[in-house]
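So the sequence shown is residues 394 to 697, counted in the working numbering.
Keep in mind that a hint or two might mislead.
Simulated crosslink set (EDC-like; lysine to aspartate or glutamate; CA at most 16 Å straight-line) [unchecked claim]:
#, residue 1, residue 2
1, K468, D503
2, K398, E697
3, K548, E575
For each label pair, taking beta carbons as the anchor points, the in silico distance ranges come out as [unchecked claim]:
#, residue 1, residue 2, range
4, S416, R658, 29 to 37 Å
5, R584, K665, 22 to 30 Å
6, N568, R695, 14 to 22 Å
7, E513, D461, 35 to 43 Å
No lab work stands behind these hints: they were computed from the structure.
Every residue gets a Cβ at the ideal spot worked out from N, C-alpha and C, and that includes glycine.
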Amino acid sequence: MITIKILDETAPLEAVILGTAESMGGVPKLEKTYDPKSKEHILAGTFPMEDDLVDEMEAVAKVLEKYDVKVYRPKTIRNLNQIFARDIAFVIDDKLVVPCVTPERKLESDGIDHITEKVENVLLPDEHERMEGGDIMPWRDHIFVGYSKAADFDKYTVSRTNEAAVAYLKKTFPNFTVKAFELNKSDDNPRENALHLDCCFQPVGKDKAVIYPAGFKNPEDAEFLINFFGRENVFEITKEEMYEMNSNFFSIGPEVVISDSSFTRLNDQFRKWGLTVEEVKYREAAKMEGLLRCSTMPLRRRYE
């Protein structure tokens with residue numbers, strides 16, 4: 394059996410699922426894509442190639458193994474994009490939640506069955522309780538959630554977490570304070586779209602955070618998070634940095650973070666905060682509106 398435990402985003406990592414780019418199916422048809430950045434690169438002829446994505450993900454695997462992290466990988470399903478493991482399952486406390494995702498992504502969940510069947514406490518929300526792990530962010534006694542109210546959830550393909558999911562999390566995890574934030578959505582403009590919460594916000598270190606305030610539909614929500622961490626502990630990224638996925642790094646521990654090597658301003662700030670930055674090239678994955686947090690699904694972090 395696999396022991397799981399996740400209470401936050403930055404405790405020392407012991408076990409993780411890293412997605413796979415093997416047999417991802419090539420360039421998808423435009424009508425089969427469900428995020429505006431992928432559409433942009435399909436139209437430009439710059440959609441990422443499988444070999445490049447495999448190389449990027451193997452570089453991440455090597456960093457994780459350097460820190461003695463147990464790395465699990467999905468079973469390869471032919472002609473299926475299985476890179477973004479974060480969205481199809483997530484752990485809170487000692488429970489593994491496998492939500493009902495969009496029908497197009499259901500097969501991705503099947504690809505991690507050989508892992509989830511070794512976990513004792515697996516929860517299966519109802520199909521109307523729609524959520525993806527990129528929107529779900531445990532932080533000690535809080536669970537931060539990005540979501541859309543009914544009007545936006547029904548309107549936008551890129552709306553992945555609904556009000557019923559927020560209610561489910563409140564009911565299922567009564568010992569946590571669930572704080573939910575509406576996100577700005579656009580099916581057509583990636584610079585106006587926060588696909589998930591981790592596309593515009595993420596904690597780092599012991600008490601710091603990175604945020605793109607305009608990713609939140611209600612300015613007071615961004616202000617809440619800035620005040621929660623303390624303005625002096627928050628690094629704000631620009632619209633272009635959000636578009637390039639700067640908030641989508643991944644913490645191996647409170648003092649170590651994996652980040653894209655092109656994030657010069659952000660990585661400089663991480664080092665000023667005293668963090669070790671493991672830089673990897675992850676530019677091709679970013680073309681699909683996902684990055685390092687999106688492609689990793691932590692199973693266990695260490696708590697004293």
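*asked:* Given the hint of 22 to 30 Å, is the C-beta distance from R584 to K665 inside that range or not?
replied: holds (27 Å)
*Verdict for E513, D461 (Cβ pair) under range 35 to 43 Å*: violated (24 Å)
*When you check the alpha-carbon spacing of K468 and D503, does it fall within 16 Å?*
Holds. K468 to D503 sits at ~8 Å (cutoff 16 Å).
*Regarding S416 and R658, is the given constraint of 29 to 37 Å on their beta-carbon distance met?*
Holds - the Cβ-Cβ distance for S416 and R658, about 36 Å, lies within 29 to 37 Å.
*If you draw a straight line from the CA of K548 to the CA of E575, is it 16 Å or shorter?*
Given pair K548, E575 holds - Cα atoms ~14 Å apart, limit 16 Å.
*Quickly compare the C-alpha distance for K398 and E697 to 16 Å and report which way the hint goes.*
Between K398 and E697 the Cα gap is close to 12 Å, so the pair holds against 16 Å.
*Take a look at whether the Cβ-Cβ distance between N568 and R695 falls inside 14 to 22 Å.*
holds (20 Å)
Hint compliance for this structure: hint 7 is the single one not met.
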